[in-house]
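Top line first, the protein sequences correspond to chains C and E.
For what it's worth, the numbering used here labels the leading residue of the first sequence as 1, then goes sequentially.
For what it's worth, the numbering used here labels the leading residue of the second sequence as 1, then goes sequentially.
Hints may contain errors.
The calculated label-pair distances, taken between Cβ atoms and stated as ranges, are [said to hold, decoys possible]:
#, chain 1, residue 1, chain 2, residue 2, range
1, C, 147, E, 220, 31 to 41 Å
2, E, 52, C, 164, 56 to 66 Å
3, C, 363, E, 51, 53 to 63 Å
No more than 30 Å apart at the CA atoms, straight line, and that leaves these computed lysine-lysine pairs for BS3-like [said to hold, decoys possible]:
#, chain 1, residue 1, chain 2, residue 2
4, C, 145, C, 163
5, E, 93, C, 134
6, C, 156, E, 219
7, E, 93, E, 6
8, C, 89, E, 53
9, C, 274, C, 199
10, C, 134, E, 116
11, E, 139, C, 156
12, C, 106, E, 116
13, E, 93, C, 89
14, E, 93, C, 145
15, C, 163, E, 219
16, E, 139, C, 163
17, E, 6, C, 154
18, C, 106, E, 53
19, C, 154, E, 53
20, E, 139, C, 153
21, C, 45, E, 116
I should point out that these hints are in silico values taken from the structure, not numbers from a laboratory.
For every residue, glycine included, the Cβ atom is placed at its ideal position computed from N, Cα and C.
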Amino acid sequence: MEDKMTEAIVKNDALPKENYTAEGSGEELKNENIIEIKGLGKTFKSDGEDFVALDQIDLSIRRGSIQGIIGLSGAGKSTLVRCINYLEKPSSGQIYFRGQSLGSMKQREILAMRQNMGMIFQQFNLLEQRNLLKNVSYPLEISHKGGPISYVKKRKARLERAKELLAMVGLEGREYSHPSQLSGGQKQRVAIARALATKPEVLLCDEATSALDPKTTEQILELLKKINREMGVTIILITHQMSVIEAICDEVAIIDHSRIAEAGSVKEVFRSPKSEIGRKLILGEGEKETRFGTGKRIRLVFDGRSAHEPVISEMILSAKAPVNILFANTKDVDNIAMGQMIIELPENPEDEFQILSFLKERGILYEEVHS
Amino acid sequence: MSMSLKELLALFSKETLATLYMVSISTLISYAIGIPLGVILVVTEEGSIAPNKIIHGILGFFTNIFRTIPFLILLVMVLPITKALVHTTLGPKAIIPPLVIASAPYIARMVESSLKEVDSGVIEAAKSMGSDSFQIIFKVLLPEARPSLYVGAAICMTSILSYSAMAGFVGGGGLGAIALNYGYYRYQTDMMLIAVVVLVVIVQLVQEFWMRLAKYSDKRGKLN
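Just chain C, with the same shape it has in the complex:
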């Protein structure tokens, strides 16, 4: 188990660095960082007082990945995503998009860059007075290059493309409806179609599922995953829900008090969170369960293999000591059933030793939980 832990740590440390081992050109392209954030800071001034929203953020986003950014409200994650497309100008630090620093771009280049970086929002933000077709064709209208005559000529092509996009998100036949006639989930689908109209390489999602019910959230996440896998769009997803991260993200960065508390692959962070906020977010609902009981409590992590074995029963049988199960759940992380459980250990030190040695022997990750 010790080995696994160290391995995880080494992996995490290696992630943000740029030195990759070249394994053929295709692999190289896949490993390329499409976005690099270096020493990013953002301070808002209000009534003479400074409010630090972001502080020394370093993050690299791999081309073709789904990068999650999670944090509690007010942690600075929405500001971070707005800095990535320069809707907010950073106070310090640099953002590189495809190797080019956004800070050195002219306004015109910033606008062109945004056409290569779609964005969707919690409140959908559709144009209420336009029908769906016109909503989706909006980015094509504004990105038009050439005179007014070719603009008029290309109208049909724009609407044709908008129709295809609407069909892709499952809204064929609703082209002439207006946003007010749609449900939340349908609105977000239109927003996704609109964000993808200019064929961007990156899609920014700012709490895109936070206004939706669990079932609709699942469908929207499924759609985002499909867009990532089939179209190769890099997705950056901001959320406060760990379940969203676990459902589709490859990588995760946890933001707390304007800083990155930890970052790494979702699997590794789930297995062994290193920060206090990381533990809290991963435990989720289980957090309050840890307040019960008086004995020593540990969090067990099961990966795909052990999740299918009756580990607990075997543990109790082998240690011949009872344990109290306080909380348990199983999640699908990266197509692997990942389980976590909080148990209260017996007070007898010998029983505790027996249980811990059993866990070590079976290679089950565990850590002590403090409430």
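Put chain E on the given structure of chain C with help from the hints.
Relative to chain C, chain E alone:
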């Protein structure tokens, strides 16, 4: 009434047309000035798409000044301007410059408040797609605010209509002049009442027209 029915009809139709002429021409010119002013007020505001404290401050100051001056006083104050612009200080034509000066700032504020109703999230989304300021104004702000602008037009036209009634004091003609000249100076209350009824009918029609247009054009809150 000392007039025959024929004379009466001739008088009222002439002055009703004069009122409609004054109001429609002034509304058109006032909107031609008020819409750009309103747009500039919105976009130059702090935190908007083209913040500019100086322009915003100056425009805001002038729109407030002109809205504070009572119309009757403004009417007299701008007589030299009127003379310079339309070469007369009498008749319906002469009332147009003061009407425009009084209502353009008023319309600018109405347009400003309509545009401010547009959800800031929608503007942010437009920005995130790479829209420049002109595209945001012409493709997002104005179209999204359209129903609200129509409602504003109903209010603005009604107030221009009521201003125009004061034209009677400076020989501007129109229905207001009938009410004043016959009703007030000659104690012909019945003449005044007819003028008022015609004005009320015009207001109702104007109101109805814009409200229907607003409702028809609004795509929010409509069911299949």
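Hints not upheld, ascending by number: Hints 2, 5, 9, 13, 14, 17 and 19 not satisfied by this model.
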